[in-house]
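2 protein chains.
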Amino acid sequence: MIASGVATSYLSHLQCSECGRTFDADRPQNLCACGSPLLARYDLTRLAGALSPAALADRPRTLWRYRELLPVRDDEHVTTLGEGMTPLVALPRLGERLDLSRLALKDEGIGPTGTFKARGAAVGVSRARELGIERVAMPTNGNAGAAWSVYAARAGLAALVVMPIDAPGVTRRECAVAGAQLSLVDGAIADAGAIVARAVADRGWFDVSTLKEPYRLEGKKTMGLELFEQLGARMPDVIIYPAGGGVGLIGIHKAMSELRELGWYDGPFPRLVAVQSAGCAPVVRAYEAGERRAAPWGDGETIAFGINVAKPLGAPLMLDAIYDTGGCAVAVPDPELLDAMHELARLEGAFVCPEGAATVAAARRLRETGWLQRDERVVLLNTGTGLKYPETVTADPPVLRPGDPVPDGH
Amino acid sequence: MIASGVATSYLSHLQCSECGRTFDADRPQNLCACGSPLLARYDLTRLAGALSPAALADRPRTLWRYRELLPVRDDEHVTTLGEGMTPLVALPRLGERLDLSRLALKDEGIGPTGTFKARGAAVGVSRARELGIERVAMPTNGNAGAAWSVYAARAGLAALVVMPIDAPGVTRRECAVAGAQLSLVDGAIADAGAIVARAVADRGWFDVSTLKEPYRLEGKKTMGLELFEQLGARMPDVIIYPAGGGVGLIGIHKAMSELRELGWYDGPFPRLVAVQSAGCAPVVRAYEAGERRAAPWGDGETIAFGINVAKPLGAPLMLDAIYDTGGCAVAVPDPELLDAMHELARLEGAFVCPEGAATVAAARRLRETGWLQRDERVVLLNTGTGLKYPETVTADPPVLRPGDPVPDGH
Chain A
1 MIASGVATSY LSHLQCSECG RTFDADRPQN LCACGSPLLA RYDLTRLAGA
51 LSPAALADRP RTLWRYRELL PVRDDEHVTT LGEGMTPLVA LPRLGERLDL
101 SRLALKDEGI GPTGTFKARG AAVGVSRARE LGIERVAMPT NGNAGAAWSV
151 YAARAGLAAL VVMPIDAPGV TRRECAVAGA QLSLVDGAIA DAGAIVARAV
201 ADRGWFDVST LKEPYRLEGK KTMGLELFEQ LGARMPDVII YPAGGGVGLI
251 GIHKAMSELR ELGWYDGPFP RLVAVQSAGC APVVRAYEAG ERRAAPWGDG
301 ETIAFGINVA KPLGAPLMLD AIYDTGGCAV AVPDPELLDA MHELARLEGA
351 FVCPEGAATV AAARRLRETG WLQRDERVVL LNTGTGLKYP ETVTADPPVL
401 RPGDPVPDGH
Chain B
1001 MIASGVATSY LSHLQCSECG RTFDADRPQN LCACGSPLLA RYDLTRLAGA
1051 LSPAALADRP RTLWRYRELL PVRDDEHVTT LGEGMTPLVA LPRLGERLDL
1101 SRLALKDEGI GPTGTFKARG AAVGVSRARE LGIERVAMPT NGNAGAAWSV
1151 YAARAGLAAL VVMPIDAPGV TRRECAVAGA QLSLVDGAIA DAGAIVARAV
1201 ADRGWFDVST LKEPYRLEGK KTMGLELFEQ LGARMPDVII YPAGGGVGLI
1251 GIHKAMSELR ELGWYDGPFP RLVAVQSAGC APVVRAYEAG ERRAAPWGDG
1301 ETIAFGINVA KPLGAPLMLD AIYDTGGCAV AVPDPELLDA MHELARLEGA
1351 FVCPEGAATV AAARRLRETG WLQRDERVVL LNTGTGLKYP ETVTADPPVL
1401 RPGDPVPDGH
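As you go down the protein sequences, you meet chains A and B in turn. The numbers in the working numbering rise by one with no breaks, and the one at position 123 of the first sequence is 123. Counting the second sequence from 1 gives a position; the working numbering is that position plus 1000.
Incorrect hints may appear among the rest.
Said to hold, decoys possible - What the simulated footprint calls covered on chain A by chain B, stretch by stretch (three residues with Cβ under 8 Å from a Cβ of chain B suffice, anywhere in the stretch; the number is not a length): (1) 163-172; (2) 379-391; (3) 398-408.
Stated by the list, open to error - Stretch-level coverage of chain A by chain B, calculated; a stretch enters the list once three of its residues show a Cβ under 8 Å from a Cβ in chain B: (4) 31-40; (5) 86-98; (6) 127-133; (7) 182-195; (8) 214-228; (9) 250-264; (10) 273-279.
Stated by the list, open to error - Sample of chain B residues at the chain A side, in silico, Cβ under 7 Å: (11) A1176; (12) D1191; (13) A1197; (14) P1405.
Simulated from the structure, these hints should not be mistaken for laboratory data. Source: prediction; values computed, not measured. Glycine included, C-beta positions come from ideal geometry on N, C-alpha and C.
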């Protein structure tokens, strides 16, 4: 299931995303002393001479096909449930409705745990195991905690998860069935984060909170590598992404930079769009003010629970990615994203999570303002399956007795 | 997303599985006049000269890579959400526990709609569309109805679905969000079937009930084709499959026969094992009596709702597949399959549906009796994700206030 034994990681060191200080990649690391996230760096010059995109063709159809650009050194530490290489699905009927002729959905709902969080967990857990870490702890809005719980179980690691009491119910069950140590908090993800920080300080758990260890990001960046491959060594013109912690957006930007440095891609970067709910839009507010740092939002509220992140640690990196690519940030109100969720399902058969649906609503707005042009290649990134959010759909079917006919009109 | 325009279907005709009578494949067909299912037949002699397994390597990683062995003639009718090529995941830790050294899981939970039903719906809907059918109707235990609803939506077809009131709740939402015409029945799938039959007779719906049209089976057979490819042009020694309607089991057997006829495979067939719940085991009872037809079970009851099928139309074909391959049929009680579900998640990180978990319980029993040998290559077929069955897991985590520590012991 993993790439051939010939392939290995080209990881060289870690580097602070703000102050540039470097760190040993082969020891467990969290944030830089300056408080900013560390980024994994690879020996891309050497790799450019050793690997060509064509050599990937025969690799397994999981994210482990990018073995050289991932941090795990030894095959025996790779912890996989088959994650990655999610479908890129054409959306012709929705595209016609939105007046976008080349609209597609990168559907991360189709993967282990039903969300893109599986990517970060697979790589993060694999590398933690390789570095000898035995106990990982994290706050979560649900899906990341579920993903880390199941991958930790597979790797034989202990997992401590704290999530808001309002997080999607099924994610509790995922943590529980995998044997994680789960607590709920009557508060938001920041409150969960504070509880985890204390467990890390007092009880020796290793902190795998968003961007507080460098390898979850490496799993997420594979979405960008895959889009490049799936489009035939091209990039789309625009990628629309629902941004909470923003790791996927930052990761896609990092992937594009690495592809360019490898000499595999020399075209323009796709414009990266961060979509947030109008109920919690710190990055949109910062973007509209032209700033690089985002003030905390206060009490966020949205049905798109995964992007209810009032104070994302990665906001500067997200805003860098947006400015660097000529992208933008857009807020959409909950009713619009719920309508978009139904519209997508009825026209294209894709039942996506509210976060993913937000990208549909954003595409409509951006086309209406002319920011998107009709024939641009636009990819909507759906971060998870609608199956995990059954309450977003009202179903009130008639109940028949045996022998009844179907209701009139059917 | 679909196979190159060069590839096309080698479908030649339809043939009754019992009396052998042949039918025109390019007209809509349901059952034979003798009441038995029709099977799609291909010009395998001609195909053997035109295609080699190696030619598949560069094909898209969906079930449409088997374009020649599928019934859809024209690319424009292919209705896809990226289904197929689900992971084959090694289970080393569970294998050690069960004393099976080469145990793996074919994980159909990783696909559109989260179940293997997507395969049958993708091919069935595509071919229905090609034949000019505009309205499809079916009874379902939930997941097939959900899958047909979303693929019908994508293809622009109307769907009428009737399911038992006890079917998994999320499948109602899937039908609803896709715009299907859904009714519940206060009864079992046979009662739903009777209601659909009346709508077919009185209101002109096309009947796509299990095995009552020939193309759902063609989608399901791709599981067998994929296993052959994923194991490097080999077959496992044993495939353990949770059998309700049994279409997957019948399909895998059909796939093996076609591979042999093509000259691509000349080894022994894997022994096919049908697993049922002890609460609804008509096929197991028939197998134990050495019969080829299964008497109706009466009132079935099991938490593995998808295999609560008291009177499967395909029982003779299932039993043929079992006898032909030297397989067997096993019943497991609900508590065993629930335990197995948790065991699999804790050891391997895979959260599977109760039906899939039944295969774990069956493997344990078959190893204990010596029917399975330690070093045989055994594939468990998980038909769906546990995410659709949240009620099978108890989660009762502590609720903290902001600022609380995690509970002692965490």
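Hints not upheld, ascending by number:
Checked against the structure, the hints that fail are numbers 4, 6, 8, 9, 10, 13, while the rest are satisfied.
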